[in-house]
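Engineer: Each chain is listed here by its residues.
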Amino acid sequence: MNTDITERSLTERILAIIAETQRKEPSQVTIDSTFEELGIDSMDGVNIIFAVENEFDINVPDEEVKNIRSVREMVDGVRKLVEMKTAGGAQSAAS
Amino acid sequence: MRRVVITGIGVICGIGNNRGEFLTGLREGCCGIGPITTIDIGDIRFRNGAEVKSFLPEDHFEPKESDMIDRFAQFAVIAAREAVAQSGVEWTPELRETSAIITGSCIGGQGTEDTGFHDVYKLGRTRVHPMTIPKTMANAGASAISLEFGITGPAYTISTACSSSAHAIAQAFRTVRAGEADVAITGGSEAPFSYGMLKAWEAMRVISPTVCRPFSKDRNGMILGEGAAMMVIESLDHALARGAAPLAEIAGFGMSSDAHHVTQPSAEGAAKAIWAALKDAAIAPEQIQYVNAHGTGTAVNDVTETHALKLAFGDFARKLAISSTKAMHGHTLGAAGAIELAATVLALSAGFLPATINFNERDPDCDLDYITEGARDAETEYAISNSFAFGGLNAVLAVRKI
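Just so you know, the sequences run in chain order A and B.
FYI, the numbering used here numbers position 41 of the first sequence as 96, with every residue one higher than the one before it.
FYI, the numbering used here numbers position 387 of the second sequence as 471, with every residue one higher than the one before it.
Take these hints with a grain of salt, some might be off.
[To be verified] With a cut-off of at most 30 Å between alpha-carbon atoms, the simulated DSSO-like pairs for lysine-lysine come out as follows:
hint	chain 1	residue 1	chain 2	residue 2
1	B	Lys137	B	Lys148
2	A	Lys121	B	Lys283
3	B	Lys363	B	Lys394
4	B	Lys485	B	Lys394
5	A	Lys140	B	Lys403
6	B	Lys301	A	Lys121
7	A	Lys79	A	Lys135
8	A	Lys121	A	Lys135
9	A	Lys140	B	Lys363
10	B	Lys403	B	Lys301
11	B	Lys301	B	Lys206
12	B	Lys403	B	Lys363
13	A	Lys140	A	Lys121
14	B	Lys137	B	Lys363
15	B	Lys394	A	Lys121
16	B	Lys148	B	Lys206
17	A	Lys79	A	Lys121
18	B	Lys301	B	Lys283
19	A	Lys135	B	Lys403
20	B	Lys403	B	Lys485
21	B	Lys485	B	Lys363
22	B	Lys283	B	Lys206
23	B	Lys283	A	Lys135
24	B	Lys394	A	Lys79
[Stated by the list, open to error] Distance ranges between label pairs, derived from CB positions:
hint	chain 1	residue 1	chain 2	residue 2	range
25	B	Glu142	A	Asn109	41 to 47 Å
26	B	Tyr205	A	Glu91	37 to 43 Å
27	A	Glu91	B	Pro214	31 to 37 Å
28	B	Tyr240	A	Arg78	36 to 42 Å
Hints are computed from structural coordinates only; laboratory data are not their basis.
Keep in mind the model is a prediction, meaning the values are calculated, not measured.
Glycine included, C-beta positions come from ideal geometry on N, C-alpha and C.
Pulled out of the complex, with its shape left as it was, chain B reads as follows:
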């Protein structure tokens, strides 16, 4: 099996509209959470989200082009452009024909769908926009990336709720590792701020009325975020042959299904995915130094994840440096796995570990090292990024700094 490396990363999210801003935000512990401004949230009980700031589609697309794709797919293309530019990959006819595109999205273009349904149900209009179907489809991001670069190889989208893009990156990793493609563009994108979608989250009673405080005793829920992260991944040999500088190696991947409850997480299921990732990477638990936690800031997730880390790592769990960057960029659902792997890789490359910001008070049930004092300078070789989805689907990616 071939070794697989990341050679380009692109990010757009609540703490940065590009990779550089994102890295600065991570280091400085910037909080991208604020009042939701892109839609009228009316009577919704929570007010805050982590929106992409000052976003104008016309800064990135011809108007005719942006009319054809929902905000979530626009984010996907913007992040893919940045990742491709950093990788320096040149799209030869052969590479266009063989490269893969595998993206993750939980809800696709539901903002577009919400607008169309509002038009017919509420406003009594007799027709919706003719592009509603192709703008809503969850694979719109993958398709837009394919069109952007003229890539004609395997392309598809995985939708496993909050694990979507972790599963997508894993599939791209396996595709390249197995030699089925030399290069893949992979990641995830999401744009969940529409009134109907926010109403649905309100009904679940898991959204914080204030901010996301992962692992803090006074945590009171998650904060939704939007954005995308895309990566160019390729075989190590392919990268070296064209003189590219790998940012990190994808060392392994593990997944599992809880078979426990549709919304309550299971420590056993999460631990099983962590074990599987370590086994796939052929590394010992003691080699992991940093964990980018799923860390949603809900009462149940953070306790269960802490328990899962103890199950997976035993006593060594106390030596792990753990943080949840969701306190900065929010929970970006189907983009979360990709944005958080990007955070992990960029921070490792820059020699620091991002903090868990907004932390106030130690919880006796969350008693590990969550990097609450601010970003920590550290030379770190191995790290994992956890994603645990509603429906009990767990995905864990292991990376190694190069």
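Just chain A, with the same shape it has in the complex:
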């Protein structure tokens, strides 16, 4: 159970993943950064999602990946998926 995932720790973990996969200083990546500002292209985005999926043990659908173009959108999307996982467990099979 991941009930101890607070909003803050989830955001921080995602910021750290983005900084690490993009080889950036953690201070350069903020919740308000857009992927464009960070120089993240679509393939970089796929690499980040791969790391995020492993970190939170979630599956991000292809369609959602295309719509994520900022750090905040990624945090919101991941939070939603983590909450669904914590709430129901088998959310992916149903959708």
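Using the hints provided, position chain B relative to the given structure of chain A.
Structural biologist: Below, chain B without anything else, positioned relative to chain A:
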């Protein structure tokens, strides 16, 4: 320099197990895409591919023979047999000694490799099949063709991802044009349906959950396909001297490297390869009537290719008839350049241009003529076939109907 013609074509792919079926499929706009059946795809997010239908190795090979070569090399031999039969070439001792075999493959026999690695990593077995190495090598198709016909001239394989067989055909074309061989067997083959390979494509998030819809606004990715196309090419003089009927002339070839991004294509790089092909063929842009597009059905490729055609052809781009036959036979990776050149030549010879099927909706960023209404009757002299690979390697072949 000598003129080079195609005198035989063999094809096996998702819309036909031989040349005749393939041509019918092209004309009728047959979609070879369906649920993947040859392997258990388990949890993979996409379900569809363009598999060769009803394929049984024993229909084509002695069991001992097919045990020695991976599915991709079997396709190569089957297509080469058909091409050789159509060409009517007779393998004299001299011709066997001098003819070239140049094939393309992106991933070779990775299906065999995947099985072996699954055995040791997952099943904990202590050994893999002893033929894993020779079945996996990307040149297995070229070697099997060499054995099949007893050809002992120059033989090799080019692996440039999705441009592999376009580069291979180009090398064979140059070899014959320069007089280094009178005859060559060239093309490409691929068999990418293995669980590990599909997992890798899934991770890239470029595969459609439905079908391939090139240039359509609602396109959502590519569909993998398998198969092969092989051609017999020879100098025009050699073909005429033995009374063969050329199907088309290979007019020219152009290539370039984007030096831009490992997966994002570049319109400039693609346009540069198109220009190079036209220059090599010594033809004006306005002489091209048909473009068999790379047209993968991904968001980025189709917009970039449209832009590249505008860069290369200027205002004349609006007059080009363009289609992507990948909507029918899928993206066959290292076989794509060969299957699509075969589609171009066969359609031109039969007096039509194949359609871009599965098209639903016009995209403002893809605003050229993609032949979306169905195959079009047309007398076409010159056409090009585009291949743009991951890694930014572009290859464009120009052909002329004879």
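Engineer: Hint by hint, note whether the structure agrees.
Structural biologist: Right, here's what the structure says about each hint:
Proximity of lysine 137/B to lysine 148/B is assessed by CA-CA distance (about 22 Å); at most 30 Å being required, the pair is judged to hold. For the suggested pair lysine 121/A and lysine 283/B, the alpha carbons sit about 19 Å apart, so the restraint of at most 30 Å is met. With a C-alpha separation of about 17 Å, the suggested pairing of lysine 363/B with lysine 394/B holds against the 30 Å cut-off. The straight-line distance between the Cα atoms of lysine 485/B and lysine 394/B is roughly 24 Å, inside the 30 Å bound, and the hint therefore holds.
Proposed proximity of lysine 140/A and lysine 403/B is contradicted: the alpha carbons are some 53 Å apart, above 30 Å. Between lysine 301/B and lysine 121/A the alpha-carbon distance is near 15 Å, which keeps this suggested pair within the 30 Å criterion. Annotation: proposed proximity of lysine 79/A to lysine 135/A holds, straight-line Cα distance about 26 Å (limit 30 Å). Proximity of lysine 121/A to lysine 135/A is assessed by CA-CA distance (about 16 Å); at most 30 Å being required, the pair is judged to hold.
Of the pairs offered as hints, the one joining lysine 140/A and lysine 363/B is violated, with about 58 Å between alpha carbons and a cut-off of 30 Å exceeded. Between the alpha carbons of lysine 403/B and lysine 301/B the distance comes to roughly 21 Å, so the proposed pair stays at or under 30 Å and holds. Between lysine 301/B and lysine 206/B the alpha-carbon distance is near 42 Å, which puts this suggested pair outside the 30 Å criterion. For the proposed pair lysine 403/B and lysine 363/B, the alpha carbon gap of about 20 Å is at most 30 Å, so the pair holds.
A distance of roughly 21 Å separates the Cα atoms of lysine 140/A and lysine 121/A; the hinted pair therefore holds under the 30 Å criterion. For a cut-off of 30 Å, the pair hint linking lysine 137/B to lysine 363/B is broken: about 40 Å separates their Cα positions. In summary, the hint linking lysine 394/B to lysine 121/A is supported, as the alpha carbons are separated by about 27 Å, within the 30 Å threshold. Of the supplied pair hints, the one linking lysine 148/B and lysine 206/B holds, its CA atoms being roughly 28 Å apart against a limit of 30 Å.
Restraint check for lysine 79/A and lysine 121/A: satisfied, since their Cα atoms lie roughly 23 Å apart, inside the 30 Å limit. Distance restraint check for lysine 301/B and lysine 283/B: the Cα-Cα separation of roughly 27 Å lies within the 30 Å cut-off, and the hinted pair is therefore satisfied. For a cut-off of 30 Å, the pair hint linking lysine 135/A to lysine 403/B is broken: about 48 Å separates their Cα positions. Distance restraint check for lysine 403/B and lysine 485/B: the Cα-Cα separation of roughly 19 Å lies within the 30 Å cut-off, and the hinted pair is therefore satisfied.
At most 30 Å may separate the alpha-carbon atoms for a hinted pair to count; lysine 485/B and lysine 363/B meet this at roughly 18 Å. Using a Cα cut-off of 30 Å, the hinted pair lysine 283/B and lysine 206/B holds, with the two alpha carbons roughly 15 Å apart. For the proposed pair lysine 283/B and lysine 135/A, the alpha carbon gap of about 25 Å is at most 30 Å, so the pair holds. At roughly 38 Å between alpha-carbon atoms, lysine 394/B and lysine 79/A are farther apart than 30 Å, so this suggested pair is violated.
Checking the proposed 41 to 47 Å range against glutamate 142/B and asparagine 109/A shows it holds: the Cβ atoms sit about 43 Å from each other. Separated by about 40 Å at the C-beta atoms, tyrosine 205/B and glutamate 91/A satisfy the suggested range of 37 to 43 Å. A beta carbon spacing of about 52 Å between glutamate 91/A and proline 214/B contradicts the range 31 to 37 Å that was offered as a hint. At about 38 Å, the beta-carbon gap between tyrosine 240/B and arginine 78/A stays in the expected band of 36 to 42 Å.
Checked against the numbered hints given earlier, the structure breaks hints 5, 9, 11, 14, 19, 24, 27 and satisfies all the rest.
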